[in-house]
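Student: Residue strings, one per chain:
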Amino acid sequence: MNFKLILNIAIHLLRARLKQSIVAAAGVTFGISMFVTLLGFMNGLNDLLDNLMLNRTAHVRLYNEIKPTEQQPVVLSEQFQKNTHFIRSIKPKDEGLAIYNSRAIIQNLKQDERVIDVSAKITTPVFFNSGTIEISGIINGVDVLAEDKLFQLTDYMIEGSVNNLLQNNSIMIGKGLSEKMLLTTGDIIKVTTAKGDLASLKIVGIFQIGIAEIDNTLTYTSLDTAQKILGKPTNYITDIQVKLYDISTASVVAKEFQHRFNVDTIDYETANSQFETGSSVRSIISYAVGIVLLIVAGFGIYNIMNMMIFEKMDSIAILKATGFSGQDVKWIFISLSLIIGIVGGILGLLLGLVLSTIIDSIPFETASLPTVTTYPINYNPFFYIIGITFALLTSTIAGLFPALKASKVDPVEIIRGK
Amino acid sequence: MSNIVLETKDLTKYFYDPVKIQVLKSVSMKVNHGEFVSIVGKSGCGKSTLLYLLSTMDTDYEGQLFMDDQLITGKSDQELAQIRNEKIGFVFQFHYLLPEYDVLRNVMLPGLKLGKLSKEEVEHNAMEHLRTLDMTDQVLKMPNQLSGGQKQRVAIARALINNPLIIMGDEPTGNLDKKNSDLVFDIFNELALEKKQTLLVVTHDNDFAARTHRTITMEDGRII
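Read top to bottom, the protein sequences are chains A and B.
Residue numbers for the first sequence follow our numbering, beginning at 1 and rising by one.
Residue numbers for the second sequence follow our numbering, beginning at 419 and rising by one.
In isolation and in its complexed conformation, chain A is listed as follows:
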């Protein structure tokens, strides 16, 4: 088949109906650009929210849950093996929150190839004293450098620097707490632990995560300082936070660690399942709207192709009489539809890119996201590939039926009918 000639005929037919062709292509352009922009914007937002969560969440967290022993002594006793056990008033066992053998676990994890880095943490509830008032809060004793590397604490600092935490007896407090207690960097804050011990810590930084609850209660100190306040030895650690290279394996890795180290583990997906749900629902909505737009554009093409075939009956008849087969005629009209799809699609991608750039430059400032200054856009080329693929698909399908109709036109009927 002579595709060059077929293409040439298709282009000439298009030119004869230039206005309608432009309208049809504009439909595709509009559909594609909306599809690309919508997906880019939605996914930008998803990424933003995911990052908000992921920046602050370990992919896998190792800790000791306070819970009763799973196998009570009576269960283990051979004598009562076949009896039904009634045990009342079970209490959690006194193992404490500390992770047993934490140093060895951290060593082992750091050598694991799947792990980016590991950060040890001590979490303990405390009271902050301001005059006679006690405000409850939480101290996170962290491995300062590792914590900053894994959770980008620096991004959230509004005063001071994360590295200042390396000094002895220093603390970083949230903006909410600093406002409540009228404290700024350089001031001393008094802390009472759950066991009644008192300590004075120097404020070296103020951060704002953007979630009021956290900014009102959370504080950071170094591991050493936290251990000192609590009167615990230097191997006392309550949490080990792990970030992985491949985030999708988190749940599998979490289970593996649970067995290997005999601790409780939780992966980020389980800990934040609501984020995932929100993300996928938003994605589905944007895909659905985008695809509907493309289908509407497809109907536009279908209409115009049908009209064109009706108008071009004479031309179809003459093409067939002079030696073009039904196949040739079919390909003429399919390529015609494809030209509309390709031109409209490419323009749509460009327009989508322009719209995305415009949205990307609209200021969007929110306290919870200190690093974000404009609306987020995800420029994933995948969306553009899907967009153009769908444009080609809809225009092929929209062109196919009219093209089949054209290929079946009986030239004798047209020529005799005059």
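Just so you know, these hints were derived from the structure itself, not from any lab.
Watch out, some of these pointers could steer you wrong.
Calculated lysine-lysine pairs in the DSS-like style (CA-CA distance at most 25 Å, straight line) [said to hold, decoys possible]:
1) A:K330 - B:K505
2) B:K537 - A:K408
3) A:K180 - A:K202
4) B:K438 - A:K408
5) A:K4 - B:K559
6) A:K330 - B:K537
7) B:K537 - A:K19
8) B:K534 - A:K405
9) A:K330 - B:K493
10) B:K493 - A:K408
11) B:K534 - A:K4
12) A:K4 - B:K505
13) B:K537 - A:K4
14) A:K330 - B:K534
Keeping the supplied structure of chain A fixed, place chain B upon it in accordance with the hints.
Tutor: Structure of chain B alone, referenced to chain A:
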């Protein structure tokens, strides 16, 4: 090589809408190489129907059709299109040029479709044919800028572009005035005499038919 260009054996055709009518009744005929044949008859006698069967565009018939000693009956749509392209040139009552193309491209189109010659060669041949038909000045005009007689000459040039085995005409002068009819007849006659071009023309113009080499008269679906 046989001298017979076109041969039919017992061609029979029915129309089914609105009721079953037999339009052609066992038509057997032959057209020899270099002959200028006309088919005449009253309207409704089946002469146009016969032509469309011979043209391979209508395949719904009984009997056999041979072209160049080759059985045409039963060939696929693709093959028939190829035969029409290569071996048959058409001239219709209405001029049927593609309004999207200029005169030259209209003439070149079947040649480009055949694809045996390069674009330059096809263009050269098209110019030659248009020159012999005295249409050189009009080659870059669009069909809607031409008169009826001019359009018909373009259609003839297009029919000639692939040096067809046979040229078929369906009332080629039916829509033209006396002067242009004569012109078209002269062109056909010249082609038959000088180039030994085989021509088969359906007409109701008895003057036209009388001047052709052989006249086939049809009545009620039969040749008489």
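Student: Could you run down the list of hints and mark each one as holding or not?
Tutor: Tested hints:
1. A:K330 - B:K505: At roughly 23 Å apart (the allowed maximum being 25 Å), B:K505 and A:K330 satisfy the hint.
2. B:K537 - A:K408: Status violated; Cα separation ~29 Å.
3. A:K180 - A:K202: holds (17 Å)
4. B:K438 - A:K408: Holds: B:K438 and A:K408 sit about 23 Å apart, inside 25 Å.
5. A:K4 - B:K559: Roughly 23 Å between the alpha carbons, so the hint for A:K4 and B:K559 holds.
6. A:K330 - B:K537: holds (24 Å)
7. B:K537 - A:K19: violated (30 Å)
8. B:K534 - A:K405: violated (29 Å)
9. A:K330 - B:K493: holds (19 Å)
10. B:K493 - A:K408: Answer holds: B:K493 to A:K408 is near 17 Å, not above 25 Å.
11. B:K534 - A:K4: Distance of about 14 Å is within 25 Å: holds.
12. A:K4 - B:K505: With a Cα-Cα distance of about 23 Å, the restraint between A:K4 and B:K505 holds, given a limit of 25 Å.
13. B:K537 - A:K4: holds (12 Å)
14. A:K330 - B:K534: Distance of about 23 Å is within 25 Å: holds.
Against the hints set out earlier in the document, violations occur for numbers 2, 7 and 8.
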